[in-house]
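Chains as they are written, first to last, in the working numbering: chain A, 61 to 317; chain B, 66 to 308; chain C, -7 to 278.
Honestly, the hints are just simulated from the structure, not real lab data. Treat the numbers as computed from the prediction; the structure is a model and nothing was measured. It is possible that some hints are incorrect.
Quick list of in silico lysine-lysine cross-link-like pairs, DSS-like style, CA-CA up to 27 Å [claimed, not checked]:
1) A/K141 / B/K222
2) C/K204 / B/K222
3) A/K194 / B/K104
4) B/K104 / C/K96
One-sided and incomplete, this derived list gives chain A residues near chain C with beta-carbon spacing under 10 Å [what the hints assert, rightly or not]:
5) L94
6) G98
7) G100
8) Q103
9) A118
10) S120
Every residue gets a Cβ at the ideal spot worked out from N, C-alpha and C, and that includes glycine.
These are the residues of each chain, in order.
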Amino acid sequence: MASKGGAAPSTYTHAPTNKTRRPPFFPDSDVDWLRSDGRGFHQCRPAFFRTGAVNSAAGSAYAESGKTKVIVSVFGPKESKKAMMYSDTGRLNCNVSYTTFATTVRGHGSENKEFSTMLHKALEGAIVLESFPKTTVDVFALVLESGGSDLPVVISCASLALADAGITMYDLVAGASVSCLGRNLIIDPISEEESFQDGSLMITCMPCHYEVTQLTITGKWSTANLNEAMQLCLDACSKLAKIMRSCLKEAASASKD
Amino acid sequence: MESERDDGRSPSQLRPLSCARNVLHRAHGSASWSQGDTKVLAAVYGPKAGTKKNENPEKACIEVIWKPKTGQIGKQEKEFEMILKRTLQSICILTLNPNTTTSIIVQVVNDDGALLVCAINAACAALIDAGIPLKHLAVAICCCLAEGGYVILDPTKLEEQKMRGFAYLVFPNSVVSVLPKGLSHVEGEPMEHGIITSVTHGVMSVEEYLKCLERGRAASTKLSDLLRRSMQSQLPSDSSKAA
Amino acid sequence: MGLPDASGDLSSEMEVDAFRRLFPLRYFERHLSESIRPDARPLGRARDTTLALGAVASAHGSALAKIGSTTMLAAIKMEVMTPFNRVTGRRLHWPAEAAPVISKQLSDTISSSGMINLKELSLVSGKAAWMAYLDIYCLDADGALFDAALLSAVAAFSHLQIPIVSLNDDGKIELISEEDDGAKLEVEPVNKEKRKLTLSSIPFSLTCILHKNYILADPTAEEESIMETAVTVVLDSSSRLVSFYKPGGPVLAHTSAVQDCVALTRQRVKELQNILDETLSGMEID
């Protein structure tokens, strides 16, 4: 019997049995419920950043936000491939990959193929590409563990790694996302919350300039909710940028000593 | 204690060897090498101008392409390619033709044990045939470690599977030199006792490994004599062809 | 210009950094003749090694191994499979060229060392067994990649906690989550006792560079690129030889060099065994 079930794929994983229980969300009521990690709706997970995690790269950064763990390495600027046309501005090459053990079910991380292009678009606007003509900067992001809100963490971490590599930027890019669950807006959702969301919004911005580099909205949103969510994200971004900035300052003062 | 082998050989007896050079006429150099039923064909093209990306253009580049008997190449073949490449790199004089690439294509004709060893010997003979300058030859041998702790040489595929462990060893050939004997010695050992390549599988004690080395060295002398003889016998015909 | 002899004279006038870049081999040889390496290590000393277990919460066993700045992250995920059981070794990410070869070397080493008793991975005899997926990511590459990969793999296996499972009514294996164990256990767990693998003879390795008569243990990437002859020796905890791996290289390994490499590895195995034991016992206290 067991062999029949497992015939097509040779192995299988079962989600733990309690996963099938829906969390107590009541989409149409205002009944208070708690987030599984005990946070308030408008409270972000504690974020941790560190630069210089990888010695062999020109610049690198490690970011941890709750269970989400990301490492980003930046290589270059180096000579563009010969096949590419001459260009006055530099090129940015981004790649986001997941480790096979990042998600609860092995190898599910490869579903997020569009993350590479999204990372590229989020960073492109912040980098002074004119400062390295004819050359390419490679940004490799590896999600070591996925715990929800992966892309905003990847983007923030990547901008920090770029700064660590000494690439000229207009400002750091910080990212945050908000999930819409019924009438409630929750910021910085974990994977479980993301799987039950009705809609999601992600903003990456340069807080000093108050400029948005990327905005993605999916799912069902009311205009009022949308405005509130955007404001929430922008606030979170500016707070996040402060943490990132202090991390850079710490690294700089440590290297001076 | 030393038991008879399935094909009636004594433990340190090699299978019948044969080596033929210049078997392909489009290649710049070629050789076929067989040990019993294991047979490998090697062809050398080059040196051609230019090196591949990520290779040092100040040195000659060696490229090895492994063609299995059937199917596509997997991890095993990739490892063979790498070992073969590194082994041949160490016997070629790479500074002589900088910024060139020499390709060695190894085609497995039949695999009956000691495949990598056979391929290294074939590639070496093909390099000679192509006239690529070499520091010395490489002689490869496979030593197997049987359950009782004794060493058998040049195993067949069946023997390879039954054994506790085996070692592929590559030695330089014995050099005929006009220098006094002591000069080519390193720390009291003749040059041909040094290992170019060693790959082992299975668990053994260090003493057993050293025993394998000793037996391998003894056998490699015989092999290198054969290689030398096969080279000399074919030389006159080569020169007459050129004339 | 640039003749090898000229460099000897230039070394006194040139800046150290320039000399290092222009004549890397000379630079190293001058250090070696003083029995020291540019990073202030004696020739036979390996770099500082650290291990962290349980780095990845989503995996069943994981370890982060750091040798100098070479960093490897290994994680094991267990899945249920039906007919046979196998341990797959895989290695991904960076540096691409070396990946398939190291991966092959690693799975060969783990399987031939007999570290894992495959019978322990069996769940219901003949019907279900565990498949252990081992994935190793190289986060930072600075020489001795195989050593770090093997160390992280071994540590991940010793950290591995096999999840508790039960047979449901359809004869399928189901996971029992940690929280509600004991509470509603109408189903009997299949593997209450077998939560850890007993690793019998753990293999450890040391890569050495041979250059002239010098033997340099645990090379950095720079040393590997300048002096090309590398020897990797794998010994298990009872000092048996699991692998003696020397893929070519311009320097020949004579018997004395073979014995020296093995002796260095013996020392290193003791060091690594201590590091692993300490890390494991540190975990139990927490």
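Hint check results:
Restraint check: the Cα-Cα separation between A/K141 and B/K222 comes to about 46 Å, which exceeds 27 Å; the hinted pair is violated. Using a Cα cut-off of 27 Å, the hinted pair C/K204 and B/K222 is violated, with the two alpha carbons roughly 37 Å apart. Under the criterion of a C-alpha separation no larger than 27 Å, the hint pairing A/K194 with B/K104 is inconsistent with the structure, at around 51 Å. Restraint check: the Cα-Cα separation between B/K104 and C/K96 comes to about 24 Å, which is no more than 27 Å; the hinted pair holds.
Because the closest C-beta pair between A/L94 and chain C is about 16 Å apart, greater than 10 Å, the hint is violated. Taken as an interface hint, A/G98 does not check out: its beta carbon lies about 16 Å from the nearest beta carbon of chain C, beyond 10 Å. A distance limit of 10 Å between C-beta atoms decides the matter here; for A/G100 the minimum to chain C is near 23 Å, and the interface restraint is violated. The interface hint given for A/Q103 is violated, since its Cβ lies 21 Å from the closest Cβ of chain C, which is over the 10 Å cut-off.
Here the hint on A/A118 is broken, as its CB sits about 13 Å from the closest CB of chain C, past 10 Å. Taking 10 Å as the C-beta contact cut-off toward chain C, the hint placing A/S120 at the interface holds, the least distance being around 8 Å.
Of the hints listed earlier, those the structure fails to meet are numbers 1, 2, 3, 5, 6, 7, 8, 9, in rising order.
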